[in-house]
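Asker: Going line by line, the protein sequences match chains A and B.
So the first sequence is numbered by this note's numbering: it starts at 130 and just counts up by one.
So the second sequence is numbered by this note's numbering: it starts at 2 and just counts up by one.
Hints are computed from structural coordinates only; laboratory data are not their basis.
Hints may be right or wrong, so weigh each one.
Below, a list of computed lysine-lysine pairs in the DSS-like style, where the Cα atoms sit at most 27 Å apart [said to hold, decoys possible]: (1) A/Lys306 x A/Lys316; (2) A/Lys326 x A/Lys316; (3) B/Lys312 x A/Lys316; (4) B/Lys142 x B/Lys79; (5) B/Lys312 x A/Lys306; (6) B/Lys142 x B/Lys72.
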Amino acid sequence: MILQAIAFYLFAGVTVASAVMVVFARNPVHSVLFLILAFFNAAGLFVLLGAEFIAMILVIVYVGAVAVLFLFVVMMLNIDFKAMREGFVSNAPIGVIIGFILIVELLLLVGGWTIQAPAIGAIATPIPPINEVTNTEALGHVLYTKYIYLFQAAGMILLLAMVGAIVLTHRTRPGIKRQVIADQIAKGHMDTVSVQKVPSRSGV
Amino acid sequence: MQELIMTYGIPLAIIVAKILAIMLPLTITVAFYTYAERKVIAAAQMRRGPNVVGPFGLLQPIADAVKLLFKETILPSKANIIVFLFAPILTFTLAMVAWAVIPVNEGWVIADINVGILYLFAISSLGVYGVIMSGWASNSKYPFLGALRSAAQMVSYEVSMGFVIVTVIICVGSFNLTDIVLAQKSVWFCIPLLPMFVVFFISALAETNRTPFDLPEGESELVGGYFTEYSSMTFALFFLGEYANMLLMCAMTTLLFLGGWLPPLDIAPFNWVPGIVWFLLKVGFLAFVFLWVRATLPRYRYDQLMRLGWKVFLPLSLFWVVATAGFLVYFDMVPNAG
Chain A
130 MILQAIAFYL FAGVTVASAV MVVFARNPVH SVLFLILAFF NAAGLFVLLG AEFIAMILVI
190 VYVGAVAVLF LFVVMMLNID FKAMREGFVS NAPIGVIIGF ILIVELLLLV GGWTIQAPAI
250 GAIATPIPPI NEVTNTEALG HVLYTKYIYL FQAAGMILLL AMVGAIVLTH RTRPGIKRQV
310 IADQIAKGHM DTVSVQKVPS RSGV
Chain B
2 MQELIMTYGI PLAIIVAKIL AIMLPLTITV AFYTYAERKV IAAAQMRRGP NVVGPFGLLQ
62 PIADAVKLLF KETILPSKAN IIVFLFAPIL TFTLAMVAWA VIPVNEGWVI ADINVGILYL
122 FAISSLGVYG VIMSGWASNS KYPFLGALRS AAQMVSYEVS MGFVIVTVII CVGSFNLTDI
182 VLAQKSVWFC IPLLPMFVVF FISALAETNR TPFDLPEGES ELVGGYFTEY SSMTFALFFL
242 GEYANMLLMC AMTTLLFLGG WLPPLDIAPF NWVPGIVWFL LKVGFLAFVF LWVRATLPRY
302 RYDQLMRLGW KVFLPLSLFW VVATAGFLVY FDMVPNAG
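Whole structure, please, built from the sequences with the hints as guidance.
Answerer: See below:
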């Protein structure tokens, strides 16, 4: 148990510390790198909970794909740090007020939060015991049976977002010669080279 | 105190011993893989390759390592030093930690976890950070361009690799690497899933930035790609990480498609040979193919590389996922159907 506690405090501590650094780092690229560290430690927390599937998916999807795009964008943008910090003092009061409201709301919510004993029994699909099935299987059984429509709807929404992004950014530029690989492969020497019978002493 | 040693000390010692049992042979193999590369390419080009240091030049990798160790680590004055130094460490570490879940024989594995293949996929998808960080932190044109190319390439080929892994998972019904190998008892997956095997192997070439997809370090355009600014041990770490990753990809291909430690036929002369020998033979063969490909093929053009990834491999692997799933469901062959 001691080891688990140590691991928990290590992962949790690094998660919180790197989340703080995301906000306070001066360089936006460092911010993104700290964000990745936070994701990674969150995955460690999931492993401690025994949810290894979610942990791995978190690393593959968020760290391996989403954060890479983040990093790409942040690296490519030429961000002017001075201009970014100019409005800091004038905007600070509004930020503090919004932060205060959020923390009050959170405290109200968490303070009044109780988990009633019947609530666990009221879960629609009972969770199978951990020693019978792995949590990957358990997730699959619920996701692809009871919640199949919601799951598919989520997929459709993501697809729509993707199509939307492509439609918004796609532009056709006229006059561009593109390489058509099929044409190149289909082309034989018969199309390009011809043997001419040249009459002697008269030229072509 | 006695209890503390019994509960934590001994398991810790066992784990450390297991890690060393993987790490040391792996590091030595990686060193000699660089030697093998030079020898194989030399043979393909009818040269002799390294033959001065030691018998047949066998001590060449050690001489190289000592040389790199004694060189000065040059830190570019405009580089972002922390990220610059962290990138090679990350690359090397990731290439090493992935081996924790590779079973070299039945039960010969450090961590036999439920989601072994996902862990491997996750670790290999993290490899892109070493590249991006080094390219950005160098604060120099060529490394940055090389890093962008490399990152785009690795992310693109990861997608089709993911679908290939999904196809195998559908046929096995488990993420555990030992289960994946044992499911190939009757027939290795490279036979029923031959197109996926080819896609996976080519994606592995692209994922490790090897020829014909080694544009990130295309010397003629980008000097040395993302590690142009690196010298001495920082360079050595990138180099070792890259070769360890190549061996890792070979091991992954072996486990997923070539039946891991299983003999080709489960009959007398073959199953006398211990499993680890089969495993090493298969990994060695694939590692040789990596070198063979480098000696044979010219480099791809960048847009064609992207085209191959997104317009050929992605639709093909997607189709095979659906086709495999449909086949298994129709013939009622879905494993672990509950």
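Asker: Hint by hint, say whether it matches the structure.
Answerer: Consistency of the hints with the structure:
A distance of roughly 17 Å separates the Cα atoms of lysine 306 of chain A and lysine 316 of chain A; the hinted pair therefore holds under the 27 Å criterion. Our distance criterion of 27 Å between C-alpha atoms is met by lysine 326 of chain A and lysine 316 of chain A, whose separation comes to about 23 Å. The hinted pair formed by lysine 312 of chain B and lysine 316 of chain A meets the criterion: a straight-line CA distance of about 21 Å does not exceed 27 Å. A threshold of 27 Å between alpha carbons decides the hint, and for lysine 142 of chain B with lysine 79 of chain B the separation of about 12 Å falls inside it, so the pair holds.
For the hint linking lysine 312 of chain B to lysine 306 of chain A, the alpha-carbon distance of about 19 Å falls within 27 Å, and the restraint holds. In summary, the hint linking lysine 142 of chain B to lysine 72 of chain B is supported, as the alpha carbons are separated by about 24 Å, within the 27 Å threshold.
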